[in-house]
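> Sequence lines, in order, name chains A and B. Under the numbering used here, the first residue of the first sequence is numbered 1, with each subsequent residue one higher. Under the numbering used here, the first residue of the second sequence is numbered 1, with each subsequent residue one higher.
The reader is advised that the hints may include incorrect statements.
The list treats identical chains as interchangeable, and a pair is accepted whether it falls inside one copy or across any two copies.
Unchecked claim - Cross-link-like lysine to aspartate or glutamate pairs, in silico, EDC-like; alpha carbons within 20 Å at most:
hint, residue 1, residue 2
1, Lys200, Asp169
2, Lys200, Asp175
3, Lys8, Asp89
4, Lys159, Glu82
5, Lys200, Asp89
6, Lys101, Glu16
Hint data in this document are derived by calculation from the structure and do not stem from the laboratory.
2 protein chains.
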Amino acid sequence: MRQIEVKKKVLKRHEEVAGQLRQRFDAAGVLAINIMGSPGCGKTALLEVTAKQLAGRFRTIVLEGDLQTDNDAKRVNAAGLEAYQINTDGACHLDALMIEKALKDNKIELAGLDLLVIENVGNLVCPAGFPLGEHCRIVMSSVPEGFDKPAKYPRMFYKADCVILNKIDLLGILDFDKEAFWGFVEQVAPRAKRFEISCKTGEGTDAWLGWLNQQKTNPKGSKHE
Amino acid sequence: MRQIEVKKKVLKRHEEVAGQLRQRFDAAGVLAINIMGSPGCGKTALLEVTAKQLAGRFRTIVLEGDLQTDNDAKRVNAAGLEAYQINTDGACHLDALMIEKALKDNKIELAGLDLLVIENVGNLVCPAGFPLGEHCRIVMSSVPEGFDKPAKYPRMFYKADCVILNKIDLLGILDFDKEAFWGFVEQVAPRAKRFEISCKTGEGTDAWLGWLNQQKTNPKGSKHE
Numbered sequence: 001m002r003q004i005e006v007k008k009k010v011l012k013r014h015e016e017v018a019g020q021l022r023q024r025f026d027a028a029g030v031l032a033i034n035i036m037g038s039p040g041c042g043k044t045a046l047l048e049v050t051a052k053q054l055a056g057r058f059r060t061i062v063l064e065g066d067l068q069t070d071n072d073a074k075r076v077n078a079a080g081l082e083a084y085q086i087n088t089d090g091a092c093h094l095d096a097l098m099i100e101k102a103l104k105d106n107k108i109e110l111a112g113l114d115l116l117v118i119e120n121v122g123n124l125v126c127p128a129g130f131p132l133g134e135h136c137r138i139v140m141s142s143v144p145e146g147f148d149k150p151a152k153y154p155r156m157f158y159k160a161d162c163v164i165l166n167k168i169d170l171l172g173i174l175d176f177d178k179e180a181f182w183g184f185v186e187q188v189a190p191r192a193k194r195f196e197i198s199c200k201t202g203e204g205t206d207a208w209l210g211w212l213n214q215q216k217t218n219p220k221g222s223k224h225e
Numbered sequence: 001m002r003q004i005e006v007k008k009k010v011l012k013r014h015e016e017v018a019g020q021l022r023q024r025f026d027a028a029g030v031l032a033i034n035i036m037g038s039p040g041c042g043k044t045a046l047l048e049v050t051a052k053q054l055a056g057r058f059r060t061i062v063l064e065g066d067l068q069t070d071n072d073a074k075r076v077n078a079a080g081l082e083a084y085q086i087n088t089d090g091a092c093h094l095d096a097l098m099i100e101k102a103l104k105d106n107k108i109e110l111a112g113l114d115l116l117v118i119e120n121v122g123n124l125v126c127p128a129g130f131p132l133g134e135h136c137r138i139v140m141s142s143v144p145e146g147f148d149k150p151a152k153y154p155r156m157f158y159k160a161d162c163v164i165l166n167k168i169d170l171l172g173i174l175d176f177d178k179e180a181f182w183g184f185v186e187q188v189a190p191r192a193k194r195f196e197i198s199c200k201t202g203e204g205t206d207a208w209l210g211w212l213n214q215q216k217t218n219p220k221g222s223k224h225e
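Isolated chain A, as found in the complex (with noise of 0.2 Å):
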């Protein structure tokens, strides 16, 4: 099939260029993370509520992913780190590719940082088939969303190093089953860390940047390259 054999060699083009990006920040000594979620869980929200820590650990540059507008990079500069929009011009995901361009044109050096955090668009299916040359992959889902969606979107989960369930300030209001939430985590994503957080109240953020922490102490990389 003439289609798949395009496909094949597109996703293998993003791949090496995935790999030298990774190349790169370990020999800068700087720690990738790429978040990824359904629209409005709370990605811009946790980078937000978590600037002042991560801007005094880390000397910190955020790439921001969305269709459209520049919206998301505008609240995280307010909040006090330094970001950069990728408009991926309605792409469902960011890609490797999108990550080399924006490093190069926005002038940005590797070789100063600690973090490079990654917000992928909104989407609970298609950023999962695109790696950034990321150590690690954060999924974030939240209560709202409803506690199924480990089960019905496993393909983004499997792969996660770390899983956090932002809106917990909901569970007493929604009707949420936490322990089945977990319990399909579990099944995919067995050796995710997991964490339970409130981007509005701030609980749950300390042990999340505690983890960051020793990632950025021993950035070995995803146990799923």
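Given chain A, put chain B in place with the hints provided.
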């Protein structure tokens, strides 16, 4: 570019089949609707909460699109509507070929039907690009996702015949700028009919059912064909 040529050819094939489906729907007098939105926005819940009214008004069949599991078809069946699952095996959207195959495999007789409801994969990006022969495109957003989604995901919203804001029971609890949300919808999809509903309380669903009734009476098709 070879990649683009192949992609164009595939999309053309999908459009052809979508056109054939539309002809079949029209010949049988079936109204076909395509419900799209983020994971957990409430697409299945809308069918559950309106199942009795739908079943009372229309001879209805539901096709449920998901990456994995037949949870949604089971939920909709349990609510009293005849539903069939389409597992996309990881694909991020439904396409016309999948609909054609599901109709055939499940021996669905269009001649006896009034309404075909297609619930797409939870994804605010990719399903927008794949016509399924539907008469109405229904885009659902929900309060916890945040008010900026029509601005950030314009390609999903701009072809909507109807935009539903769900989970309005959370308006008093969450920080959601409703005026800004509808302002963005106005910019992107000025002609789309607008509904505010809560699938939890049932509020607002009667108005949506009334609109659906009108579409059934006059199924001239989407103004976006």
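> Taking the numbered hints from earlier one at a time, note which ones the structure violates and give those numbers from smallest to largest.
4, 5
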